[in-house]
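Peer 1: Can you build the whole structure from these sequences, using the hints too?
If you read the protein sequences in the order shown, they are chains R and B.
Mapping the first sequence onto full-length UniProt numbering, position 229 (from 1) lands on 229, and the numbers just tick up by one.
Mapping the second sequence onto full-length UniProt numbering, position 335 (from 1) lands on 335, and the numbers just tick up by one.
Since the hints were derived computationally from the structure, they do not count as laboratory data.
In this text the structure is predicted, and so the values were computed from the model without any measurement.
Treat the hints with care, since some could be wrong.
If chains are identical, the list can't say which one is meant, so a pair holds when it fits in one copy or spans any two.
To be verified - Listed below are the simulated DSSO-like cross-link pairs for lysine-lysine, each with C-alpha atoms no more than 27 Å apart in a straight line:
1. 127 / 425
2. 114 / 402
3. 114 / 425
4. 160 / 272
5. 264 / 160
6. 264 / 398
7. 247 / 120
8. 408 / 160
9. 264 / 402
10. 408 / 264
11. 408 / 127
Residue strings, one per chain:
2 protein chains.
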Amino acid sequence: MIDHRPGVLSPQSPREPLGSTELSMPRDRVSLQKSNVCSRSYFVLVMVFVHVYIINVIALLLYVHYNNGPGDSSAVDGQDSANPSFSNSGAHPLPVNPDPGPDAMYLPRLEGIKVGHVQKVALVPNKVHELRTLSMKPLLFEISGFLSDEECRLLIHLAKLKGLQESQVMIPEGGDELAEQLEISQEEIFNLLDHNQDGQLQLQEVLTRSRVRDGIWLTPENVREIYAGLKADPDGNGMLSVQEFKKLNTNAFQQFLQQRGVEKSQLVRNSKHTWLYQGEGAHQVLRQLQQRVTRLTRLPPDIVENSEPLQVVHYQRGGHYHAHHDSGPVYPETVCYHTKLVANASTPFETSCRYITVLFYLNSVPGGGETTFPVADNRTYEELSLIQNDVDLLDTRKHCDKGNLRVKPSQGTALLWYNYLSDGKGWVGDLDEYSLHGGCVVTQGTKWVANNWINVDPDSRRQTRYQQLVSRLGGEETATERLEELYRGIHADQNQNFHTDQDLHQDLHTDQDLHQDL
Amino acid sequence: MIDHRPGVLSPQSPREPLGSTELSMPRDRVSLQKSNVCSRSYFVLVMVFVHVYIINVIALLLYVHYNNGPGDSSAVDGQDSANPSFSNSGAHPLPVNPDPGPDAMYLPRLEGIKVGHVQKVALVPNKVHELRTLSMKPLLFEISGFLSDEECRLLIHLAKLKGLQESQVMIPEGGDELAEQLEISQEEIFNLLDHNQDGQLQLQEVLTRSRVRDGIWLTPENVREIYAGLKADPDGNGMLSVQEFKKLNTNAFQQFLQQRGVEKSQLVRNSKHTWLYQGEGAHQVLRQLQQRVTRLTRLPPDIVENSEPLQVVHYQRGGHYHAHHDSGPVYPETVCYHTKLVANASTPFETSCRYITVLFYLNSVPGGGETTFPVADNRTYEELSLIQNDVDLLDTRKHCDKGNLRVKPSQGTALLWYNYLSDGKGWVGDLDEYSLHGGCVVTQGTKWVANNWINVDPDSRRQTRYQQLVSRLGGEETATERLEELYRGIHADQNQNFHTDQDLHQDLHTDQDLHQDL
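Peer 2: Dropping the structure here:
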């Protein structure tokens, strides 16, 4: 159709006479071949041409319309004519999202304004939710009544039906595979661990490593005890020199702990969990929940749909999860699990790239179990100073009351926070270190929560390629099935060691330590 | 032209034969009058119709293009084809601004990302400036080399030519006009001053009032001394009860101070200043500076152009400006000076509505003179706890070293900060209390700075009406002249009392105190 257009507009272009009737016209004014103007074919041609333009105009109008809100059909703006029930009284229209132009990818980000700020949002018909800003660093919101009590009960029921597994096994072995893989010497490891580069390993520096590598939550006293048992610190100054460190067998700590025995309460996390898939064929409540999360985050639906399944976690009385980051730091070599297939890169620095965490409280915990954000809205973030001899702000069994912010679990309430900062150009930037959080020890009853992580690759081209791949794979097997397989492979193996599981439950310092001084 | 269109698309519409030649066409396929299809007029009509569509398409394309950046011609996006020299190497394209729709007003806001974040911006041809985030609360940036040394010298020269005046006169009289105007009783004033509502006026509460009303920077010891002199606190507990307060003459403090004498160093501010107009006819450097500020802020040019003139301030050795807010809090009754004419409201709660402060350092001060932000990025803002007996964080003569952030004056460097938060809908929201700042005492040499305040009414309709008014007035006298008159009336009168001047140099607590408990 469109091929005809140049011909129509260019009077010089050769064209054979299509019709038979000729129209008399002064040549000096319009130099068209007389025969064409009157022909039926010419008329059809003009009509085609006109219609192409009408289609162009409509397409442009649609483009303008949909580019005003990349959330598209799912973005709630109070003026959505298709959903008149959403223009609830009292609900402010959500701000219009920036137009990124045809090429740029843009991730809308909620505005926090200031601590205590409340904005009304329409997420489901006939209800207005309140989005309350709890902190600016990290950008953290609370939405009460996000889930109904029935929905909470159903999620717990579905998780039980599927079966829960321990979130962390006791003592993993072979923790030095990474070092071997990287061919790093003991001396190099020492330098990597020596954050402040003073030629000595302080207790904090050793603790940090043990917590990340072994998943054992040692205290400064524990480390002193181990040093004494292994005779690792003959000068008894509580610090290891290079010489002292080199004498230690790489697995000395693990062997010592295995002989001595480790309690569940000494692990980084003490809970059970399972994964619920939310794609096609999933329970209606799971599907609706995904849509609600899409509206809440205002992200494009395919980003939310191609993220990790819903994780349901159960903490028994005494259960906890020490303070950690849900995702890893961004380095040039960083590769995300979810886009690994399109990364074309092999690197030991893999992380889960969880742009957003949406945490649901599925029950109101009778005692303890708060979510703590120990450094929320702190003026500075200094990793090593978090661990002191008397107060370890990362310890959610002992020092939850010392953190800056604690949220009490209340059935149906959701928390949403960003694990990454903006890059200032509409995409994901650096890890937000202030997003450090943990689950305080449950002192009464049990605690059920669910996590919805929204995965976004800080490399926007990779994210795009990943989404193209997933939509292509959709023909053979559904994207959901593929994701299910992928995550089953990573998560569901009961016999995996701590490392593999931890990879998806990125703890404080993972990768970062090794990278800090590279 | 367009009136013809329906006729073209509707074959049933009656139309008189315009041409003479008829085209034979099967009636059952296209029910057009034969005579029209072949006529010259018909051809002209179709061409008109086609061109209207082409114009539509072009208009839509332009609409899409320009809505990508409401900053328009002045917004720098590195792809500005009219200014190819701006697409400097290394300068990231600035983020695309949200599309506010045809009705909504939208104020772009720079992104801070995190403390220490650096973004490159193109403000002048052949140069890339770095915008460094100094704090998130307030959103504060530093741009070094914003002005050249010559520009700095010229601004000082122009200010000297115009002549500088004392920023604050010694002891104002008639400070109770406001109370009389409001018909507030002594008892009501007591209640307004009694922040913590404990039925007693603490020293801080009295201090705050004296600093705001009289412009005298009293210390807790000063107040105790005055109490003793006036025998105002017979029980000697350092606090005034309602009874004790009522016995005080409303001007007792002022009278006491007048007898005792006040030093310049005891004033809220100790400097001289003048105003330089930047509109049509102003020195080229002043005009260029305004354009540069427009680019930097990414605001619509008319907002910047209709703001206050440039204020040049000179601090002698020993000069200071105690910590204050540049603008006032937002209440339903608040009226901005700059939009007062269109406000149609009479209220004693008038403020300057300075959305943004751009502060330029015109010289490098040999000693002292730092700009302090005592509560920048603090976790909380508690007004009364800023003033303690031992440390008064508002005092820039004594305790500048105790604040959270201090910026050393360096010739040509600019600071930019937002005095107001966003309202989450693209406009100005509440006052950002963390924007509290002051000028530390100059210990060596003198200090020259300039302030560019960008005025925006938190009521967007008023701002719109104001801008319409200014552009209408532009016919008779230029907007600049009108502004000049307006500001000359307010600022330039050497004999005005402190109150009038203070109104435009909104200090901490102004209005707020009276409002706090209304």
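Peer 1: All the hints need checking, so say for each whether the structure fits it.
Peer 2: Structure-based check of all given hints:
For a Cα distance limit of 27 Å, the shortest separation of residue 127 from residue 425 across copies, 21 Å, qualifies, whereas the shortest one inside one copy, 33 Å, does not. Taking the closest pair of Cα atoms, residue 114 and residue 402 come within 27 Å of each other both inside a single copy (22 Å) and across two copies (24 Å). Taking identical chains as interchangeable, the C-alpha atoms of residue 114 and residue 425 lie at most 27 Å apart whether they share a chain (22 Å) or sit on different chains (14 Å). Only within a single protomer do residue 160 and residue 272 lie at most 27 Å apart by alpha-carbon distance; the minimum there is 11 Å, versus 74 Å between protomers.
In this assembly of identical chains, the alpha carbons of residue 264 and residue 160 lie at most 27 Å apart only when taken from the same copy (21 Å versus 75 Å across copies). In the homo-oligomer, the alpha carbons of residue 264 and residue 398 lie at most 27 Å apart inside one protomer (15 Å), although the nearest pairing across protomers, at 54 Å, exceeds that limit. For the homomeric pair residue 247 and residue 120, neither the shortest alpha-carbon distance inside one copy (61 Å) nor that between copies (49 Å) is at most 27 Å. Within a single copy, residue 408 and residue 160 get their C-alpha atoms as close as 24 Å, which meets the 27 Å cut-off; across copies the closest is 61 Å, which misses it.
Taking identical chains as interchangeable, the C-alpha atoms of residue 264 and residue 402 lie at most 27 Å apart only when both belong to the same chain, with a minimum of 23 Å there against 46 Å between chains. Taking identical chains as interchangeable, the C-alpha atoms of residue 408 and residue 264 lie at most 27 Å apart only when both belong to the same chain, with a minimum of 24 Å there against 53 Å between chains. In the homo-oligomer, the alpha carbons of residue 408 and residue 127 lie at most 27 Å apart inside one protomer (24 Å), although the nearest pairing across protomers, at 52 Å, exceeds that limit.
Hint compliance for this structure: hint 7 alone is broken.
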